[in-house]
Amino acid sequence: MSAAQRRDLRDGLLFTSPFIFGVLALWVGPMLYSVYLILHKWNMLAPPKFIGLGHFERMLNDPLVGKSLVNTAYYTFVGVPLQLLIAFALAVMLNQQIRGLSVYRTIYYLPSITPAVAFAVVWVQILNPEFGVLNEVLHWFGLGPINWLFEPGWAKPALIIMSLWLTGFQMIIFLAGLQGVPKELEEAAEIDGANAWRRFINVTIPIISPIIFFNMIIGIIGSFQVFTTVFIMTDGGPQNATLFMVLYLYRNAFELFRMGYAASLAWILFLIIMIFTGIQFFFANRWVYYEGRL
Amino acid sequence: MIALGLTFLMPLAWVVSTSLKLPGQVFITPIEWIPTAPKWDNYFEVFRRLPFHLFIRNSFFVSIMGTIGMVLSSLTVAYGLSRLRWPGRDFVFTVLLATMMLPAVVTMIPVFIIFKEINWVGTFYPLWVPAWFGAAFYIFLMRQYMLTLPLELDEAAKIDGASNFRILWQVIAPLCGPAVATITIFAFLQHYNAFMEPLIYISKSEMYTLPLGLLWFKGRFGNFWHLVMAASMITILPVIVIFFFAQRQFVQGAQFTGLAGR
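Chains as they are written, first to last, in the numbering used here: chain A, 103 to 396; chain B, 558 to 819.
These aren't lab readings, by the way, just hints derived from the structure by calculation.
Any given hint could turn out to be false.
[As the list claims (entries may be wrong)] In silico EDC-like links for lysine to aspartate or glutamate, alpha-carbon gap of 20 Å or less:
#1 A:K143 <-> A:D164
#2 A:K169 <-> A:E159
#3 A:K258 <-> A:E232
#4 A:K143 <-> A:E357
#5 B:K673 <-> B:E754
#6 B:K715 <-> A:D110
#7 A:K143 <-> A:E159
#8 B:K761 <-> A:E357
#9 A:K169 <-> A:D337
#10 A:K151 <-> B:E674
#11 A:K258 <-> A:D337
#12 A:K169 <-> A:E253
#13 B:K761 <-> B:E674
#14 B:K673 <-> A:E357
#15 B:K715 <-> A:D113
#16 A:K143 <-> B:E754
[Claimed, not checked] From the structure, some residues in chain A lie toward chain B, with a derived Cβ separation under 8 Å:
#17 L111
#18 Y176
#19 T208
#20 A278
#21 Q327
[What the hints assert, rightly or not] Where chain B lies over chain A, by a calculated footprint (3+ residues, C-beta under 8 Å):
#22 154 to 166
#23 290 to 301
#24 360 to 371
Just so you know, even glycine gets a beta-carbon here, dropped at the ideal spot from N, CA and C.
Sequences are here, hints too, so could you generate the full structure?
Shown next as structure tokens:
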């Protein structure tokens, strides 16, 4: 290695060192450490006790693990497609030439960047069976009243409805994507006689498919880890209908001080998320179009 | 379009109108959206009941410290990943992309125990120090932006004998204004809105950030909806102000990642 190359290597490592240190201290180290935790029983007071794979045996006999897994899967696989649909529809609307565009953009985007506690408090009120606005609107159509957050069957749909109101981030990503669709392509398709719908399906969708893919990946990863809104709004109730994985993990770790058990739950959730992310990447080349690769 | 807009606006409208009502007016149906005699005193009442001025101070302290760290670390690391050529660079970049997709839940408990071991639990450090090591998304965003700047800038400075350190801070960083602005806003809001970290690490009430303070307020005065809503409004207001002044950066952020507008 020449002196210049050595200097390059030194500077490269130097400039990226904050990140390298961060990955080692906040990712690699903790992940290795949590392997140790998984194998031990520890309440942070008495010394850790080795129990091998005991935590996983216990999980099989813990009905709340299965329950929280099913709840989380429901919330993710019903919620994320709806979120993407709404976010995409909003983005398509905002991509038109309409009056007051920036006002609408603000209205749709703002909820997703406000502190969760603030809007969760409001939504508890909106979903209130007696005085809530949602039931009042349903009443106009002769429906309801629904006991939203107080009935096990409706609590998850209620949280999903609320999550649709928080899709501003995905919407902005879609919007940026739509604005990047080359005008020439649309025009070329128009000259070829494609109507607006066909242009949308055959030009717009393929061009922005990487963005749909990105939003889907990020959406599913985030949805599997939902915590704040349920912690504040339902705390897992009614009858554990909204007990999601991270909430159960939080309880085990910070209310019951079962550090080993909680770390094991975290690993299970981690593996599930990685598997679903992997599956999506596996199928991605069937429908995601990347420019310059035909 | 207008109907949908109103639907999305409704929760916020409800907060604003309820926060200005008398207790007896809150649950009158049909809802009175514009209170006839707005009761501004509700806002002062919030401060009289709980020390919201402390929560505001704590929130801003954590958010500002975290944001400074995020901006500096993004600039530094992105410079190393985009403008320097060295063996191992592609590997570090691959790791960066991977951490963007790793679910953070797996490190939550071990990181807590590590912070406990170094006596950081109960301090503000766990809330803002990690930002100084950079976050994958922001570094990525900054790298994408730096790639658009011509390499001749660095070469010219190098001929003049400038070190990489000086090139970054005197040549490149001043040109990264738009990316810095975007990261500043995203990072600030991320720290400002954070809920789980303060929940886990902060226990003394005078150290609460706004989300924790608001939750505490709701727990103690949950029946006084007009006050809870005024407290919510105090929490939301900085976000609205930021958004108002920085609308452009939010859209730009999505474009910088290269996901769009290729």
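Verification of the hints:
1. A:K143 <-> A:D164: Since the Cα atoms of K143 of chain A and D164 of chain A sit roughly 16 Å apart, the hinted pair holds (cutoff 20 Å).
2. A:K169 <-> A:E159: holds (16 Å)
3. A:K258 <-> A:E232: With Cα atoms ~19 Å apart, K258 of chain A and E232 of chain A stay inside 20 Å; holds.
4. A:K143 <-> A:E357: Measuring from Cα to Cα gives roughly 15 Å; hence the hint holds.
5. B:K673 <-> B:E754: Satisfied, since the Cα-Cα distance of roughly 13 Å is no more than 20 Å.
6. B:K715 <-> A:D110: Roughly 13 Å separates the two Cα atoms, so the pair holds.
7. A:K143 <-> A:E159: holds (13 Å)
8. B:K761 <-> A:E357: holds (17 Å)
9. A:K169 <-> A:D337: holds (15 Å)
10. A:K151 <-> B:E674: holds (18 Å)
11. A:K258 <-> A:D337: Given that 20 Å is the threshold and the Cα spacing comes to 12 Å, the pair holds.
12. A:K169 <-> A:E253: holds (16 Å)
13. B:K761 <-> B:E674: At roughly 19 Å apart (the allowed maximum being 20 Å), E674 of chain B and K761 of chain B satisfy the hint.
14. B:K673 <-> A:E357: Answer holds: K673 of chain B to E357 of chain A is near 16 Å, not above 20 Å.
15. B:K715 <-> A:D113: Holds - the C-alpha atoms of D113 of chain A and K715 of chain B are around 14 Å apart, at most 20 Å.
16. A:K143 <-> B:E754: violated (24 Å)
17. L111: This interface hint holds because 5 Å falls under the 8 Å limit.
18. Y176: Constraint on Y176 of chain A not satisfied, violated at 18 Å.
19. T208: The hint holds - T208 of chain A has a Cβ within 8 Å of chain B, the shortest such distance being about 7 Å.
20. A278: holds (4 Å)
21. Q327: holds (5 Å)
22. 154 to 166: n = 0 at 8 Å, threshold three: violated.
23. 290 to 301: Coverage by chain B is violated for the segment 290 to 301 of chain A (0 residues, Cβ < 8 Å).
24. 360 to 371: holds (count 6)
Checked against the numbered hints listed earlier, the structure breaks hints 16, 18, 22, 23; every other hint is satisfied.
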